[in-house]
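Colleague: Sequences and hints are given; from them, build the entire structure.
Just so you know, the sequence shown maps onto residues 1 to 152 in the numbering used here.
Pairwise CB distance ranges, derived in the manner of DEER restraints:
no.	residue 1	residue 2	range
1	K64	T37	13 to 23 Å
2	E148	L26	34 to 44 Å
3	D25	E115	31 to 41 Å
4	A92	K23	40 to 50 Å
5	K105	T43	31 to 41 Å
6	L96	E148	19 to 29 Å
What the hints contain is simulated information worked out from the structure, not anything from laboratory work.
The C-beta atom is built at its ideal place from N, Cα and C for all residues, glycine as well.
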Amino acid sequence: MKKTIYLLSALLLSSFVFIACEKEDLTKPTIKINEPTEDKVITAGGKLHVDANLSDDVELKSYKINIHSAFDGHVHASKLQKSVTHEDEGEAFSFLETYSDAAGKKDHHLHLDIEIPEDAAEGEYHLIISLIDKAGNESSAARGFIVEHDEE
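Modeller: In structure tokens:
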């Protein structure tokens, strides 16, 4: 009986040591935006094509797509150009959606078309992709694009 208790104790202790020795994932996931290109012009009523490569050294969890107007001139870390003047026609378009189709993968190719409403206000908008890995590390990348109305 004593031998069994010692054996179980040794097994339990070694499993704790093994778990404690596992490396913690501190590496942020990476995002490479292929499309849209910086300052791409999209006609209101058309589609914004989003193409990006998402990856992590261990495992992805989810990503978020955020589109909002840049009419106030703000910038994001990977978007350092000056904002285009806003023409006060139409309503500012915004989009916010979280996706989990990359969960469990190390690499994911994002391919998405987002409709820009016909009444979207003209001006500069920001596309931001935020990516979270299974360990909770987060990174983001931004691109600016311009919405214009079709001049007929």
